[in-house]
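These protein sequences, in sequence, are chains A and B.
Everything in the first sequence is counted per our numbering, starting at 1 for the first residue and increasing by one.
Everything in the second sequence is counted per our numbering, starting at 1001 for the first residue and increasing by one.
The hints are simulated quantities; they were obtained by calculation from the structure and are not laboratory data.
What you are looking at is a predicted structure, and each value in this text was computed from that prediction instead of being measured.
Hints may contain errors.
[As the list claims (entries may be wrong)] Covered stretches of chain A (chain B as the covering partner; in silico rule of three or more C-beta atoms under 8 Å from a C-beta of chain B):
{"no.": "1", "stretch": "100 to 110"}
{"no.": "2", "stretch": "289 to 302"}
{"no.": "3", "stretch": "382 to 392"}
{"no.": "4", "stretch": "707 to 717"}
{"no.": "5", "stretch": "743 to 754"}
{"no.": "6", "stretch": "800 to 814"}
A virtual CB, placed ideally from N, CA and C, is assigned to each residue, including glycine.
Residues per chain, in single letters:
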Amino acid sequence: MKLFRQPTIGMLLALLFTPALLCGQEQPAAKEKPEAKKETAVKEEVPQHGSIEFGVRHVFAGEVYGRPDLPFAPDVLTSKFNEYGDRRNGFVVRRLDLGYDNILGTENYVRLQSQNSVYKNQTYLASFGQYGKFKVQFRYDEIPHIYTNTARSLYVQTSPGVFTILPATKQLLQDRSSIVCGGAAQCTSGLINNNLPGFIATQIVPGENFITPAIERKAGTGLLSWNITSHWITTFLFSREHQGGTRPLGMIFNPSPSASASSLPTGVFNQQSPGTGAEVPEPINYFNNIIKVLTEYGKKDWGVQAGYTGSFFQNNTNALVFDNPFATADVPVLTFAPGASGCPAGAARCNIGAVPSRGQTGLWPDNQAHYVNAAAAFNVGKHMRVMGTVNPGWLRQNEAFLPYSANSQIFFPDSTGALTIPATSVSVLPAASLNGQKQTLAMNYTAVYTPLKDVEVNLFYRQYDYNNNTATFNLTPILGDTIGANAASTAQLTPGDPAATSGSGSLQSTLGRSNPGFNKKNLGFTGDWFFTKKSSVKAGYEGEWFDRSHRDAAHTLENSFFGALDLVPQKDLLIRFGGRHQDRKPDEYVDEAAGGVACDPASLLAARTAGIFPGDHPCGRRFDEDARVLDRLDTLVEYSMDKLTVSGGFQTIQQDFNRAGVGSNSPTALNFLTGAAATTTPYFLYGAMNDLAYTYTADASYTFSPAVSLFAEYAHERYHKRMVSRNRSPFAAAAPFCSAGGCDSANNDWESAYRDIFDTYSGGADLFLRKKAYLTAYYSLAAGRGHIFSRFLGDPTRLTVGDPDRFVLVGSSAAVSYPESVTRTHEVTAVFKYKLSERFMPKVEYRYQQFDNRDYQTSAMTQYMGCISPAGAGPGPVTGCTARQLIGTTSPNPTFTPSPFYPGFVVGDTSAARYLFLGVDQPSFRVHVLTITLEYLF
Amino acid sequence: MKHERTRTLMLVSLGLAASLFVAGAALGGGNRGQEKNSAPADQGKTAAAGQTAKPPVTAQGDGDYVGSEVCLTCHEDQQRRFKNTLMGKAMAKPHTPLEARGCEACHGPGRAHVEAGGGKESIPIRFGKDSKNTVEEKNSVCQDCHANGNRMFWRGSPHQSRAMACVDCHQVKQEIVRLVSSDARYSAPLSENKGVKKPQPELCLTCHQMRRAQLQRSSHMPYREGKVTCTSCHNPHGTPNPKQLIQATTNENCLSCHTERRGPFLWEHPPVMENCANCHEAHGTNNPQLLKVRMPRVCDSCHVTSRHPTTPTLLNAVRDFNRGCTNCHSAIHGSNHPSGNMFLR
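My request is simple: use the sequences and hints to build the entire structure.
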């Protein structure tokens, strides 16, 4: 970059001054106005071709903090400070703006603007043209995005999209995760977790490579706009963007991370335990090309437009291949007879799934979209304007499929039924590629009628059709290795055999893909009465008819009524009110996975008694298609005099989904406890209950004099969302699913409330002293707090095994509240500029930024989160791992020893014993930046 | 939802579009006489290309216009500022009869003003705060030249129907004045349009104050950094689309940049395909990935299924920390992998 910077700056300066030489003789202003006053003449002697601001920047006293647990110091320059920027020490051309008219005596102009030249967030905009005739424009833009500065990884990219781990390291991890249980003893999760985590935490993680997952977008756009006639304009645009870099991507080698603890083999081959995951740096190497052609013909009273937009996405890395850290070779399904290799004598049979030595996943497939645009607007007489658009679109994708699995030891049947065709072969796929085809159609028609001078009526119709016309066919997904996880099998089962649908998260049966689509129609009208010069009142109605295919609510109707009042009782005062009421109702809510069971307490009880355990709960409702009432209110008051401007606003949006009997919701409450014992309001569905938002704002600015002005802003926001769910984990793989009781009971309903509170303050002053010196001081604080409160809603005393309503939300399944997450962004800026002359203005800018971040999901992240030493019953503490001590009651709300670096909770999960992360976090930082620049006018 | 239905709809739509075009052309032709007294389209040019156009004959008659030279005898200061603006430069060499009017193209004929010896009340059209002209009168003057392009759907748009004048946001007599404080707070994408009162996003935030706070949040697109701004997604002059979006739907807007998520995919996640805003808040949140609610709750609120989505795990579970559900279900926006039906790959 440094090597590149110097010649680039030279070119920039050359670009800057060459036109100045060419155009130096143009139109002396003094000649135009010889009679102008002396002062004016002096001002016009300064040619106004543009300006450049350049100088030096120094980032000093920066630090990343809040992660004392990390054995390294994350770099402040790759912290959130530079998330979308590139602020480093060095020479900067902060801004350039120049333009020359009538170049070389022609009527043409040329303009060039830039920001942050030669840094990773640089932007350029260059134009050449003639006013009213043509314009050629080129834009170049770079946008960096740094995801984290705390990542480390074992992986090394050996070729595009292929991430490998040193074989010796893999061997070590495999050996450590393979324990030998003495004799016929049953191996346990505790034994594995006692052996592996400490080793990874102390021996593996310290040797990992530091990486900085980040991407950068680089986009160049060329545009030609041509006024063919005074009424006919045509525009051509071509844009090409490249995205390159890496970003974190979570992958697992099986259907469930917890399988590492649950799918234990019963012998010595513990490396075959399938619960393995890895977070890998996803390679990003995209190109996106856009072509646009638009032609427009129009006059004041009418106009027509026609255009085409083509967008072509190209991914140069279509597959990601990554080593399994815990397996050196593909391993087939293994089975053990009862009494052998630790398989209990009483068992039907023991088997363990196949294990891949590496994973393979598809990255975003190449695709293209074509849109045609036609629009017209015209006046019909003096009182009506009619506008319409029609935009059909075609989306295509035909990337070649990857095989079902990267594991060479899983096989599909050949023509004789023998399992001989490896799952790594694409020959068993029903098609070589998707040949995906979607078609969209957007239509809008609007008529605006002004029957009276002050009255306007607006009638509109809008339709959007989204059709997925891709062929449907059946597939046989292989989700890792549960292909063999059936206690009755003696070898790998045949893929697609429904008998294999057992085991944790396994899904072996053949599936048909579906093509969800939708059609949305909106019809509405509004009436506006402009009863004074700037005052108006509005009222209107909008209906939305939403049809969906392959979703739960096939048809919904939403009626909306809205109104607004804008008042300007005097020229300095503006008052705005707006309100809206929406009511959405589905005709019927049918979730095919709910087994046709009706949503009411009696039907649910009957289904459970009959041993029916549908995949989705019959009362589960998805908030985007469920019955809903939405109310919204907006207000704004602004008082603006010559010196003082004060404004305040309030907005609330309230959504209520919890409606009895509407849209197939239960007509009676689903609560297990009722009356005084109920701990929450009645609920008639599972899923989102409500969604409330309140925003209060206040702004003020005061201009004491032309030299002094102040401003202050404040906003307070509160967001509240609430949901109710039911714990539904079957105890048996086959009916009776709830043999131990309580697996599908309202007594295990739980509630979670999500609450966010934000306060945003800012204030500052602009001073302009003696027409020479400018001083600005500014401070802002954006503070956010987030909470997730969870609690059980049933009777925690019913703990008897076999009780159909047994309470099971205990231990690791308890509904507990999460710690508060906090972000606070402080910024202090002081800028001083001094006008040395008409051309030169030095500028000193000091900026302090501080970001405080405490997020329980990421502030605890390390490369290994399986290092938890079980306390109490079990195999005992794990060497090198934090003890997980219960310090409260175990049921129903357990609490644990707080983390030393993140007070409030224990991090890590034994289910992640074979899961390697990148350790992604964006820790707190504070940084001081001093920039000294010179602004030169020319 | 069938293919045939779409084809029929498209044929009907194209027919309607053709009708609109024809009707537009026919009605436009009918207005030719009227057009003589109004302005040609945006940045138009007369047949006498390259020549300075002559003012048209107007209803008021030529005698009501005094010419810009007369205006400058008193208003030289305004002219000095105006001529350095984009509009001032474009009008310096007029391409249309209206542009040739100079000051009077926007302010109306000046004879009465001259004869009155000055005074605001005698200016036919004024744009300042104390103007007695209605919003419609002021806007009509701007639309003499700026009626089409991305202003085609101004009539009936939310801003028009709330009695907003062009000059509430735009100013023509000087280019944008950047306070140092505003320069320090927000950056804005480079633009040739400098005729607005404040740079974006501050201009929009004057009224949309709740968005100001959202832009300050920790999880945000690069608004403050000047890489994305309000008009990247919205057209404040009106569109036929919801929320004044430039594209037909929220998703088409988002996917115009995030093209990799466009599909079609072998396995689609329907709520993703319908509306990105089901899960994401584009203006900013404090949750990772601009999520409205952090994981796993954003997923839990829909997936009342069996097993782990319905188990309220402790916060130290692998399904909760880091990226929650997407620690494993990383292809949640859609998968093209034959074994990706659970969005695991």
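Evaluation of the provided hints:
Coverage of the stretch 100 to 110 of chain A by chain B holds [criterion: at least 3 residues with CB-CB distance below 8 Å; count 3]. Here's how the stretch 289 to 302 of chain A fares: 6 of its residues keep a CB closer than 8 Å to some CB of chain B, so the rule of at least three is met and the hint holds. Restraint check on the stretch 382 to 392 of chain A versus chain B: 8 residues with Cβ-Cβ distances below 8 Å, three needed, restraint holds. Against chain B, the stretch 707 to 717 of chain A contributes 5 residues with a C-beta closer than 8 Å to a partner C-beta. That satisfies the three-residue criterion, and the hint holds.
Counting residues of the stretch 743 to 754 of chain A whose beta-carbon sits less than 8 Å from any beta-carbon of chain B gives 3, enough to reach three: the coverage restraint holds. Residue count for the stretch 800 to 814 of chain A with a Cβ under 8 Å from a Cβ of chain B: 4. That meets the three needed, and the coverage hint holds.
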